[in-house]
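Dock chain one against chain two, each of which comes alone in its own frame, and use the hints as you go.
What follows is the residue order along each chain.
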Amino acid sequence: MSDIREELNALAAGTDGVEAIEDLRDDPSFRATPASLHGFVKTLRDEPKLQFKKLVLITACDNYLAEPRFDVTYRLRSLERNQDLRINVAVGGEEPTLATVTDLYKTANWLEREVYDMFGVRFDGHPSLTRILMWEGFEGYPLRKDYPLLGNTLGTPGYTGKGGKA
Amino acid sequence: MSTQVDIVLDRPEQPQEHQVLNMGPQHPSTHGVLRLVLELDGEIVVNCEPVVGYLHRGMEKLAESMTFHMFTPYTDRLDYLAPLANNVALTTAQEHLIGVEIPPRAKAIRVMCTEMSRISAHLLGLGAFAMDVGAMTVFLWCFRERETIYNLIEHITGARFTTSYTRVGGVANDIPDGFIEELKAFIDQFPEQIESFEKMLSRNRIWIDRTKDIGVITKDDALSYGLTGPNLRGSGIEWDLRIHRPYLDYERYDFDIPLGSVGDCYDRYLCRIEELKESTKILQQVIQKMPGGPVNTQDSKISLPEKSTVLKGMDELIHQFILITEGQDAPVGESYFGAENPKGELGFYFRSKGGGYPDRMFIRSPSFVNLQILPEIVKGRFISDVVAVLGSIDFVMGECDR
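These protein sequences, in sequence, are chains A and B. So the first sequence is numbered by our numbering: it starts at 1 and just counts up by one. So the second sequence is numbered by our numbering: it starts at 1 and just counts up by one.
Keep in mind the hints are simulated off the structure, nothing from the lab. We treat Cβ as the ideally placed atom computed from N, Cα and C, and that holds for glycine. Please note that the accuracy of each hint is not assured.
In silico lysine-lysine, DSBU-like type, Cα no more than 35 Å apart, as pairs [what the hints assert, rightly or not]:
#1 B/K199 - A/K53
#2 B/K301 - B/K199
#3 B/K212 - A/K106
#4 B/K212 - B/K199
#5 B/K307 - B/K289
#6 B/K353 - A/K53
#7 B/K199 - B/K353
#8 B/K353 - B/K219
#9 B/K212 - B/K281
#10 B/K307 - B/K277
#11 A/K53 - B/K379
#12 B/K379 - B/K277
#13 A/K106 - B/K353
#14 A/K42 - B/K184
#15 B/K212 - B/K301
#16 B/K281 - A/K145
#17 B/K281 - B/K379
#18 A/K106 - B/K184
#19 A/K106 - B/K289
#20 A/K42 - B/K219
#21 B/K353 - A/K42
#22 B/K289 - B/K184
#23 B/K312 - B/K184
#24 A/K53 - B/K219
#25 B/K212 - A/K53
#26 A/K53 - B/K277
#27 B/K307 - B/K199
#28 B/K199 - B/K219
#29 B/K281 - B/K199
#30 A/K106 - A/K42
#31 A/K106 - B/K379
#32 B/K219 - A/K49
#33 B/K219 - A/K145
#34 A/K145 - A/K42
Estimated spans, in silico, between C-beta atoms of each pair [unchecked claim]:
#35 B/T137 - A/R131: 53 to 61 Å
#36 B/S202 - A/E94: 19 to 27 Å
#37 B/N47 - A/D46: 26 to 34 Å
#38 A/N9 - B/T137: 53 to 61 Å
Just chain B, with the same shape it has in the complex (with noise of 0.2 Å):
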């Protein structure tokens, strides 16, 4: 008896045997390293296991050794496809701990921010989308119009991803001169650009045939789930941050909610398409109403000085190295503030016992939230379907697995 018969005859005898095939974490539409364990039934997903984890960094653990200044770079790697409104969304938090109110150039500043980061993630995740199901020419496209606001980007904060952009109590920086000149040329040519993306996938067949009643969420599912930004919308319920917990001044800027009905990946699809049309909108608006005065606060205790007056003042030192080496003082008690980010809602608790350092800082990241869904969609479609929620979902392992 030779050993090839032993392997068939060590076989169960089931004639439908469930195969399982391990997808990622290497895998390119997985947007990181995200390791699905898929069960399979021919090409149909019986069962489907997200395994994250590998880009876990301890960023909560070091949160808790380091001042509210120095984790803002952190920030950056999170959702890395949108360090800005991260940025936005760390120190406006550790604002509502601390209580601090900040000067209206400074929350405009912020909002315009927050709006082309939205922007550039969307059309990251829209071009990674496109190209997952197979349309290439809307990825290459995409990712021209990106290029354009990095560029933007840089000119505000010198560097293309790594932003740390905002202080407590402001913004590091004014906007540099001929920047809103800038912007306002790209704002002028985008929405063409939108219409481009449009007309090449909105009735394009085959992306109808690959998206439409393809991962449907409904509302119930996606309360449940705890889903939050476009996933949330795409399924019809309105919630938006920005409207019904207005921060930064959003209530000064008019603009809509995009909503969805069926809440498959196609009506995701058309909420990000609306929301970078709904971003454009505020970005006008922010050009024509930004505020003048000073980007960051005046409070000498939670703002950092001058620094042409440190070098002469003895004051501005004392709180310049007060600032540095002790950080801001923040109240004893506990805070939530959330923010809504291009993925979702991006939210910060804290637990202070006084002093400059966080005692526990935790992160509600929208991709670890929103990727749980992922199994209860997927069941009973095929294999080419994953890659089209995958896309749909639109999540960032970098801020999953912090």
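Next up, chain A with everything else stripped away, as it sits in the complex (with noise of 0.2 Å):
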């Protein structure tokens, strides 16, 4: 296991943007910017001796009040190492955005538009960049902060404001 991660913190020395960082339960961990991260998740991908081919997940942590607001996490996983790493981006500003890897790996499709339904944070480059949990025409993000735990239920069709303490 421990060569693996030399060979991961050297790739990532060696990326502009990309840095090592500590991790909980002592998984590789690395932060990247925007810019670089499609960049090092392509030569992971790529690399023969690493072939991280896998996208695990992608999913987003809001830090609200807080600049830049959004965390976003890349889980790859290699079969053929037996070895998973996690990749965080901050992004943040008005109007969050953040390049595709779709065109890496066919599950980022779905797994993206969750993060622009819940989050609001968009992906330049995705094929079709709709709503996937909630319903078109739907305002607001339900994962971010600042949206009310028991839900904004003005415009929800078929409401009409009688019987739920909402």
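Here is the structure:
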């Protein structure tokens, strides 16, 4: 296990905008800038010695009131080396935007749509960035910390205001 | 000029017009509330767009305002065909975050729960798949066996579906007296039942016509689409978290990973049948090797104290109060743990700022990820093949939509 960690650290040190970070449960973890993300992921996938061919998840966290506001997490897996790694990207601003990885992993399509749906982080170059779990025309981003837990019922189709405590 | 003529004239002058068919969300073969927008050329599917989200309940948002124990009942409603396996996956993920080691007996009980759920989930998957393509008998036979498993589960947990059996640091209660004998009786007769399913299907001409070379998933696609579970192994990729990342002492048990070769519906069916046999093998070994000892960790900051001591002792009362009101204290940081569930890898990503509530919890549900490949493999096939492919991918919308 230790040698793949050294390989990864060396790769990260040689890539602009990528640095290794500490992890609670000791998985190899990196922080990348939005500009360096796509190139770094591509290298990890295509490097014959590493072969991170599988994208396990993409998700985001909201650091409400802090800037940059969102922390997007990617988790990649190499079946050959039996190793996972985590890449975090901080993204903020009025319209937080990242480069898509749908050209590298087909599974990223729905995962990125979900992050867009729930947090409003956009992905440049995504084939069809639309809402996936919420309906078209829904306003707001439910998993943001400033979205009320009981929901914003104004404008919900079929909601009459009677009966619910929301 | 009548209106009739107007309508005819309005039609675009295309010799082959595609028809859009809405399949679901209440279609019986869509295993819940999946909606498929199919673009058809006659009976051939030209394009397929799955529309998900009808069962979205906002579980990840809810988890942010709950202690770790409070979320356990929600996992019963994820993959509602294998609630026990979800309980185990969630709690093991929480223990991974908090850093808890549980006693060997609790691990063995959890393995037993997971494998029992796997058998019941695969039986339903198999039965529903068979019924969708017209084999009613297998469905009824599968449900008969599932009934026995649910009786067993009821015996351990007191509930058939809403089990909520695991606790951080162990399980809610030890297995009751006489349970092992009941389980043994089930395991002893179960291989015979699997054989009868196989006799009914494996060489059945209609079944083979409906499943062989239908919905082929290549190795590259399986990897790129991030498939897990029997769908990945059906395409011939050897990956099972129970073997490659042993958790809950899975390395103590001897079992194989069944692999497919082509990656069609028939291979996925065979994989599930073989996994039923492997799970039975694991259950036999669990019974033989069941260790003794406590079923909960003795750390009173993690695990609830005995109720009888709470009523007498000061320390125990304080621990009980703190655990119920504030929950277990998690360290600051991020963690991810994935468990091999019947449908694939069910993973929980936690981000904690300390304290008893997660700052963010993400459920990596296998059904959501696996379903995405559907348009790719049904394009150019008949509508009836869509039903077969849906059955063979074996997803649950409760888990997909969360």
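Is the straight-line distance between the alpha-carbon of A/K145 and that of A/K42 35 Å or less? holds (32 Å)
B/K212 and A/K106: Cα distance at most 35 Å? holds (25 Å)
35 Å limit on alpha-carbon distance, applied to hinted pair B/K379 and B/K277: Holds - the C-alpha atoms of B/K277 and B/K379 are around 33 Å apart, at most 35 Å.
Assuming the hint says 53 to 61 Å, is it satisfied by the Cβ distance from B/T137 to A/R131 or not? violated (42 Å)
Next pair to validate is B/K212 with B/K301; report whether the Cα-Cα distance is within 35 Å. Since the Cα atoms of B/K212 and B/K301 sit roughly 54 Å apart, the hinted pair is violated (cutoff 35 Å).
Satisfaction of hint between B/K219 and A/K42, Cα-Cα up to 35 Å: holds (19 Å)
Hinted pair, alpha-carbon criterion (35 Å max): B/K289, B/K184. Please report holds or violated. Holds, at about 13 Å.
Can the restraint linking B/K199 and B/K353 be considered satisfied, given a maximum Cα separation of 35 Å? violated (55 Å)
Given hint B/K199 paired with B/K281 - CA-CA distance at most 35 Å: Cα-Cα ~20 Å, so holds.
Against the 35 Å threshold, does the CA-CA distance of A/K106 and A/K42 hold or violate the hint? holds (13 Å)
Are the Cα atoms of A/K53 and B/K277 separated by 35 Å or less? Holds - the C-alpha atoms of B/K277 and A/K53 are around 30 Å apart, at most 35 Å.
Sort out whether B/K184 lies within 35 Å of A/K106, counting only the CA atoms. With a Cα-Cα distance of about 44 Å, the restraint between A/K106 and B/K184 is violated, given a limit of 35 Å.
Hints 1, 2, 7, 8, 10, 14, 15, 16, 17, 18, 19, 23, 27, 33, 35 and 36 from the list above are not met by this structure, while the remaining hints are.
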